[in-house]
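Listed below, chain by chain, are the residues.
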Amino acid sequence: MKDDFRRLDRLLEHRVRLAIAVLLIRYDRLSFARLKELTEETDGNLGANLRKLEDESYITVRKEFVERKPVSWYSITPKGRKATKAHLDALSQVIAKAGTRPRE
Amino acid sequence: MEDSGRTDRDLDYVRAVVARAEQGSSPASIYFLWAIVSFFGYAIIDFSPETTGFYWMIAGPLGGVVSGLLGRAHSRRRGQISERRDVGQLILWSGLIAAILLLIPLVSTGRVRSADLPRVILVLVSFAYWSAGVWLDRRMLAVGAATAGLYLFSVYAADLPWVWTITGLGLAVSLGAAGSLAAARRPRASDASA
Numbered sequence: 001m002k003d004d005f006r007r008l009d010r011l012l013e014h015r016v017r018l019a020i021a022v023l024l025i026r027y028d029r030l031s032f033a034r035l036k037e038l039t040e041e042t043d044g045n046l047g048a049n050l051r052k053l054e055d056e057s058y059i060t061v062r063k064e065f066v067e068r069k070p071v072s073w074y075s076i077t078p079k080g081r082k083a084t085k086a087h088l089d090a091l092s093q094v095i096a097k098a099g100t101r102p103r104e
Numbered sequence: 001m002e003d004s005g006r007t008d009r010d011l012d013y014v015r016a017v018v019a020r021a022e023q024g025s026s027p028a029s030i031y032f033l034w035a036i037v038s039f040f041g042y043a044i045i046d047f048s049p050e051t052t053g054f055y056w057m058i059a060g061p062l063g064g065v066v067s068g069l070l071g072r073a074h075s076r077r078r079g080q081i082s083e084r085r086d087v088g089q090l091i092l093w094s095g096l097i098a099a100i101l102l103l104i105p106l107v108s109t110g111r112v113r114s115a116d117l118p119r120v121i122l123v124l125v126s127f128a129y130w131s132a133g134v135w136l137d138r139r140m141l142a143v144g145a146a147t148a149g150l151y152l153f154s155v156y157a158a159d160l161p162w163v164w165t166i167t168g169l170g171l172a173v174s175l176g177a178a179g180s181l182a183a184a185r186r187p188r189a190s191d192a193s194a
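One line per chain: the protein sequences are X and P, in this order. If you count the first sequence from 1, position 54 lands on 54 in the numbering used here, and the numbers rise without skipping. If you count the second sequence from 1, position 124 lands on 124 in the numbering used here, and the numbers rise without skipping.
Because the hints were derived from the structure by calculation, they are not lab data. Computed from a predicted structure; not experimentally measured. Among the clues, some could well be false.
What the hints assert, rightly or not - So the derived label-pair ranges between C-beta atoms look like this:
#1 X/Val61 / P/Leu106: 46 to 56 Å
#2 X/Arg6 / P/Leu101: 52 to 62 Å
#3 X/Ile25 / P/Ser108: 43 to 53 Å
Beta carbons are placed, not taken as given, at the ideal position from N, Cα and C, and that holds for glycine.
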């Protein structure tokens with residue numbers, strides 16, 4: 001079980017960052033506004049978490065205009081996709097083993 | 001030691017976020033477009049049955065192209081783009097068109113009366129909307145069910161005057177209602193800040 005904990009990704013242990021990564025695996029691109037709507041986070045919190053993911057090259061951002069308004073589009077990188085899947089695998093192992101541990 | 005309660009809550013949060021993203025993806029404009037196309041497409045059977053095929057040969061593909069453009073624009077405005085979902089839509093509705101075209105030999109060989117063709121198409125359309133409701137947009141489940149009801153109406157009320165106009169109106173109302181629900185949840189355009 002300790003090995004499973006070590007396999008957990010420190011960056012993705014934060015639920016908002018994990019939610020962002022999972023969303024970006026399911027969808028090709030999401031805007032900042034859409035991520036804010038879905039995660040129900042404030043601009044500041046969301047922005048900080050996105051920057052951390054971007055600093056680790058888990059996600060990329062592209063800025064463009066939609067209907068003359070600036071939009072930041074986020075998408076996951078191959079490194080981010082791989083890290084998220086590994087984290088989810090490790091998490092499911094932790095949960096499965098926690099469920100089979102005898103009660104004390 | 002990991003707090004398993006916190007892990008469960010975090011995973012519940014992630015599930016809720018993903019569920020929110022999965023909610024109703026088709027824009028109101030597409031529902032309203034097909035409400036109009038369907039109404040005229042079925043009403044025309046009562047007024048000018050010989051032009052029905054010509055109408056659908058034009059309106060069907062044109063409606064499909066316009067729907068694709070509307071859907072794409074909606075995705076960009078909504079801030080959520082999924083090529084996988086776009087391809088899913090294309091495959092589903094292309095499949096419906098293919099299924100309808102496969103009915104032609106039944107009519108041309110006399111195995112099915114041409115007067116019954118609209119009824120058979122209603123069954124296919126009902127199933128297509130139902131499938132779309134299961135995989136793409138829950139609002140279409142109600143449209144699928146309504147279309148099935150309209151098929152039964154067209155069978156048991158076949159001798160009623162203007163049966164196809166009434167059927168078209170029923171389709172338009174069900175699509176319009178779904179579109180109104182979609183319009184009640186409009187997407188936001190841009191970032192508040194980034």
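Do the hints match the structure? See the list:
Checked against the hint of 46 to 56 Å, the C-beta distance between X/Val61 and P/Leu106 comes to roughly 54 Å, which is consistent with it. At about 58 Å, the beta-carbon gap between X/Arg6 and P/Leu101 stays in the expected band of 52 to 62 Å. Hint check: X/Ile25 to P/Ser108, Cβ distance near 48 Å, so the stated range 43 to 53 Å holds.
Every hint, counting from the list given before, is met by this structure.
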